[in-house]
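Q: Starting from the given sequences, assemble the full structure and let the hints guide the process.
Residue numbers (the working numbering), protein chains in the order written: chain R, 1 to 243; chain Y, 1 to 242.
Just so you know, these hints were derived from the structure itself, not from any lab. Bear in mind that the values here come from a model prediction, so they are computed numbers and not experimental data. Cβ atoms here follow ideal geometry from the backbone N, Cα and C, with glycine treated the same way. Certain hints may be false.
Here are the computed distance ranges between Cβ atoms for each label pair [stated by the list, open to error]: (1) Glu168/Y <-> Lys42/R: 52 to 58 Å; (2) Pro194/Y <-> Arg237/R: 57 to 63 Å; (3) Ala13/Y <-> Phe35/R: 31 to 37 Å; (4) Ala39/R <-> Leu15/Y: 33 to 39 Å; (5) Thr200/R <-> Glu54/Y: 33 to 39 Å; (6) Pro227/Y <-> Thr200/R: 50 to 56 Å.
Here are the simulated SDA-like cross-link-like pairs (lysine to any residue), alpha carbons at most 25 Å apart as the crow flies [claimed, not checked]: (7) Lys43/Y <-> Gly152/Y; (8) Lys174/Y <-> Arg122/Y; (9) Lys124/R <-> Asp46/Y; (10) Lys174/Y <-> Thr142/Y; (11) Lys124/R <-> Thr163/Y; (12) Lys132/R <-> Val27/Y; (13) Lys124/Y <-> Asp46/Y; (14) Lys151/Y <-> Pro100/R; (15) Lys124/R <-> Leu91/Y; (16) Lys132/R <-> Phe26/Y; (17) Lys3/Y <-> Ile94/R; (18) Lys124/R <-> Glu42/Y; (19) Lys132/R <-> Asp149/Y; (20) Lys124/R <-> Asn38/Y; (21) Lys49/Y <-> Gly195/R; (22) Lys3/Y <-> Pro100/R; (23) Lys137/Y <-> Tyr67/Y; (24) Lys124/R <-> Leu63/Y; (25) Lys219/Y <-> Glu112/Y; (26) Lys189/Y <-> Gly206/Y; (27) Lys192/Y <-> Glu178/Y; (28) Lys124/Y <-> Gly152/Y; (29) Lys219/Y <-> Asp138/Y; (30) Lys132/R <-> Lys49/Y; (31) Lys151/Y <-> Asp120/R; (32) Lys124/Y <-> Leu182/Y; (33) Lys3/Y <-> Leu95/R; (34) Lys137/Y <-> Ser114/Y; (35) Lys132/R <-> Ser30/Y.
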Amino acid sequence: MMDKQNNIETNNASEASKKKEMIMFLSGSEEKEHFLSKANRKLLTDPLDDNNPITVQVLGICSALAITVQLKPAIVMSLAVVFVMAFSNMIISILRNSIPSRIRIIVQLVVVAAMVILVDQILKAYAYDVSKQLSIFIGLIITNCIIMGRLEAFALGNGIYKSFLDGVGNAAGYGLILIIVAFFRELFGSGTLLGYDVVTWTGLYDAGYENNGFFLLSPMALVVVGVVIWVQRSRNRKLIEEN
Amino acid sequence: MDKNSNAYTFIFAILMVLVVAAGLSFVATSLQPMQAENVRQEKMQDILKTIGVETERAGAEDLFNKYITEQLSLDHEGNVKEDVNAFQVNLARELKKPIEEQSLPIYVADYEGSNYYIVPLRGKGLWDAIWGYVALKDDINTIVGVTFDHKGETAGLGAEITTTWFQEQFKDEKVFNEQGELVGVIVEKGYKSPTKGDNKVDYISGATITGDGVTDMIKERLSRYLPYFNAKKDAGLEVAIR
Numbered sequence: 001m002m003d004k005q006n007n008i009e010t011n012n013a014s015e016a017s018k019k020k021e022m023i024m025f026l027s028g029s030e031e032k033e034h035f036l037s038k039a040n041r042k043l044l045t046d047p048l049d050d051n052n053p054i055t056v057q058v059l060g061i062c063s064a065l066a067i068t069v070q071l072k073p074a075i076v077m078s079l080a081v082v083f084v085m086a087f088s089n090m091i092i093s094i095l096r097n098s099i100p101s102r103i104r105i106i107v108q109l110v111v112v113a114a115m116v117i118l119v120d121q122i123l124k125a126y127a128y129d130v131s132k133q134l135s136i137f138i139g140l141i142i143t144n145c146i147i148m149g150r151l152e153a154f155a156l157g158n159g160i161y162k163s164f165l166d167g168v169g170n171a172a173g174y175g176l177i178l179i180i181v182a183f184f185r186e187l188f189g190s191g192t193l194l195g196y197d198v199v200t201w202t203g204l205y206d207a208g209y210e211n212n213g214f215f216l217l218s219p220m221a222l223v224v225v226g227v228v229i230w231v232q233r234s235r236n237r238k239l240i241e242e243n
Numbered sequence: 001m002d003k004n005s006n007a008y009t010f011i012f013a014i015l016m017v018l019v020v021a022a023g024l025s026f027v028a029t030s031l032q033p034m035q036a037e038n039v040r041q042e043k044m045q046d047i048l049k050t051i052g053v054e055t056e057r058a059g060a061e062d063l064f065n066k067y068i069t070e071q072l073s074l075d076h077e078g079n080v081k082e083d084v085n086a087f088q089v090n091l092a093r094e095l096k097k098p099i100e101e102q103s104l105p106i107y108v109a110d111y112e113g114s115n116y117y118i119v120p121l122r123g124k125g126l127w128d129a130i131w132g133y134v135a136l137k138d139d140i141n142t143i144v145g146v147t148f149d150h151k152g153e154t155a156g157l158g159a160e161i162t163t164t165w166f167q168e169q170f171k172d173e174k175v176f177n178e179q180g181e182l183v184g185v186i187v188e189k190g191y192k193s194p195t196k197g198d199n200k201v202d203y204i205s206g207a208t209i210t211g212d213g214v215t216d217m218i219k220e221r222l223s224r225y226l227p228y229f230n231a232k233k234d235a236g237l238e239v240a241i242r
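A: And the structure:
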């Protein structure tokens, strides 16, 4: 009789702990959190400014150089990175307790590569012209250091939902800078925005204005990124180093 | 099971590869028809562009059917192969065959009252294949327009062959020299005087090998069509004499 009672109790206890595990597995913390609690919102907004992958961590500069000549590819690239990053973060987070630590980098690479191929195939089917424009750069998302960095630093140790938010946030921070840089490069370099001839429309050409072809070359992307960093640091005191 | 044991690691790796491979092949296969359709429309768009018809990819098919009057597949002696669909000839595959077995596709266009002959090109760039189309006027000598594309040339250098300024140079250029020999169009380093009709155009700085590839491609491909062109010219001459 006593045995049986004991048994039931332990059963209950194990069920409760299972439930707890389940919650932990999903949210990554013991208490149930609100979907957009302050901590979660921070995951989304932090990488946009205080912890921006490009301007603060100086990662992913290579693609910021390559595809920011025009606004449209930059936007598509940003969306592609948001997709790849959010879902690879999620997948790695789901698998985080079963990935053998010795091959975890390989597993991360496989997941990212699979996501990138998926994006590439979908673009080729539904947005062929854009995919031609982005050509190899979509493939090069695999080597984007931001993605590997977030997988290793965040997704391996956090819950699925948080990892998803972190992925979206960091990719958005990356995309934001990409779009800002592309905006200025297209505007000053070709005098257009998303292909629309804005400078002709304002009538500046008649006043003797000319496009600056230098903006179309890669070095100008670095200069623009530099200016963005300068502006950001001058208005965000947290980013200024002690010395 | 111990997560750090060799057996677990191997099983995990094998399972992961199987799942990813199956998933990706499924996606690739199901999107294949749409991708093939895009490539087909782009090919029509490229062919139309050589004779000066600019169109959106979606509208390419209608215009293609309207302006391209004949799609011929020739053998190396200039005879028409009736059983081969010219549009579906895969030039990459044909080039690997000996010349006697190759099918040579050619498109005849009728646009705004003039006849044009459009020849598909394919050759080697620096890193990988380059290809394109060249449209010749009725005299089978003067170029109306060209398009080039490439698989893996360096962006900013070899990849510039796809740009308008490079392709514009070929307009009104001749492919036969004054002695009547086929020389194609030579992409020449240090070319100074942009005179039309001297079989030469300017090269792209830093892309000499891609430029040479374009030169070779035009000459090699056009030379295969000589029997057909000669027959056409003779026929044209007869008409003129009569």
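Q: It remains to establish, for every hint, whether it holds in the given structure.
A: Hint check results:
A C-beta distance of roughly 54 Å is found between Glu168/Y and Lys42/R, which places it inside the suggested range of 52 to 58 Å. Between Pro194/Y and Arg237/R, the C-beta spacing of about 58 Å keeps the proposed range 57 to 63 Å intact. Roughly 35 Å separates the CB atoms of Ala13/Y and Phe35/R, a value that falls within the hinted 31 to 37 Å. Judged by the Cβ atoms, the range 33 to 39 Å given for Ala39/R and Leu15/Y holds: they are separated by roughly 34 Å.
For the pair Thr200/R and Glu54/Y, the supplied restraint of 33 to 39 Å is violated, since their beta-carbon distance comes to about 20 Å. Distance hint check: the CB atoms of Pro227/Y and Thr200/R are about 51 Å apart, consistent with the given range 50 to 56 Å. Distance restraint check for Lys43/Y and Gly152/Y: the Cα-Cα separation of roughly 18 Å lies within the 25 Å cut-off, and the hinted pair is therefore satisfied. A distance of roughly 19 Å separates the Cα atoms of Lys174/Y and Arg122/Y; the hinted pair therefore holds under the 25 Å criterion.
Distance hint between Lys124/R and Asp46/Y is fulfilled; the C-alpha atoms sit about 18 Å from each other, no more than 25 Å. Restraint check for Lys174/Y and Thr142/Y: the C-alpha separation of about 5 Å stays at or below 25 Å, so the hint holds. With a C-alpha separation of about 21 Å, the suggested pairing of Lys124/R with Thr163/Y holds against the 25 Å cut-off. A hinted pair counts as satisfied when its Cα atoms are at most 25 Å apart, and Lys132/R with Val27/Y qualifies at roughly 19 Å.
Our distance criterion of 25 Å between C-alpha atoms is met by Lys124/Y and Asp46/Y, whose separation comes to about 19 Å. Note on Lys151/Y and Pro100/R: the hinted pairing is violated, with a Cα-Cα distance of about 38 Å set against a maximum of 25 Å. Annotation: proposed proximity of Lys124/R to Leu91/Y holds, straight-line Cα distance about 22 Å (limit 25 Å). Distance check on the hinted pair: Lys132/R and Phe26/Y sit about 23 Å apart at the alpha-carbon level, within 25 Å; holds.
Using a Cα cut-off of 25 Å, the hinted pair Lys3/Y and Ile94/R holds, with the two alpha carbons roughly 16 Å apart. A hinted pair counts as satisfied when its Cα atoms are at most 25 Å apart, and Lys124/R with Glu42/Y qualifies at roughly 12 Å. For the suggested pair Lys132/R and Asp149/Y, the alpha carbons sit about 11 Å apart, so the restraint of at most 25 Å is met. Distance hint between Lys124/R and Asn38/Y is fulfilled; the C-alpha atoms sit about 8 Å from each other, no more than 25 Å.
At most 25 Å may separate the alpha-carbon atoms for a hinted pair to count; Lys49/Y and Gly195/R meet this at roughly 21 Å. Note on Lys3/Y and Pro100/R: the hinted pairing holds, with a Cα-Cα distance of about 6 Å set against a maximum of 25 Å. With a C-alpha separation of about 14 Å, the suggested pairing of Lys137/Y with Tyr67/Y holds against the 25 Å cut-off. Between Lys124/R and Leu63/Y the CA atoms are separated by roughly 23 Å; this keeps the pair inside 25 Å, and the hint holds.
Between Lys219/Y and Glu112/Y, the direct Cα distance comes to roughly 28 Å. Violation of the 25 Å bound is thereby established for this hinted pair. The straight-line distance between the Cα atoms of Lys189/Y and Gly206/Y is roughly 10 Å, inside the 25 Å bound, and the hint therefore holds. Proximity of Lys192/Y to Glu178/Y is assessed by CA-CA distance (about 20 Å); at most 25 Å being required, the pair is judged to hold. Taking the CA atoms of Lys124/Y and Gly152/Y, the gap is near 11 Å; set against the 25 Å cutoff, the hint holds.
For the hint pairing Lys219/Y with Asp138/Y, the CA-to-CA distance comes to about 19 Å; that is within 25 Å, so the pair holds. A distance of roughly 17 Å separates the Cα atoms of Lys132/R and Lys49/Y; the hinted pair therefore holds under the 25 Å criterion. With a C-alpha separation of about 16 Å, the suggested pairing of Lys151/Y with Asp120/R holds against the 25 Å cut-off. Restraint check for Lys124/Y and Leu182/Y: the C-alpha separation of about 20 Å stays at or below 25 Å, so the hint holds.
Pair hint Lys3/Y plus Leu95/R holds up; C-alpha atoms about 12 Å apart against a cutoff of 25 Å. As the CA atoms of Lys137/Y and Ser114/Y are separated by approximately 8 Å, the hinted pair is consistent with the 25 Å bound. Simply put, Lys132/R and Ser30/Y have alpha-carbon atoms about 20 Å apart, close enough for the 25 Å limit, and the pair holds.
Of the hints listed earlier, those the structure fails to meet are numbers 5, 14 and 25, in rising order.
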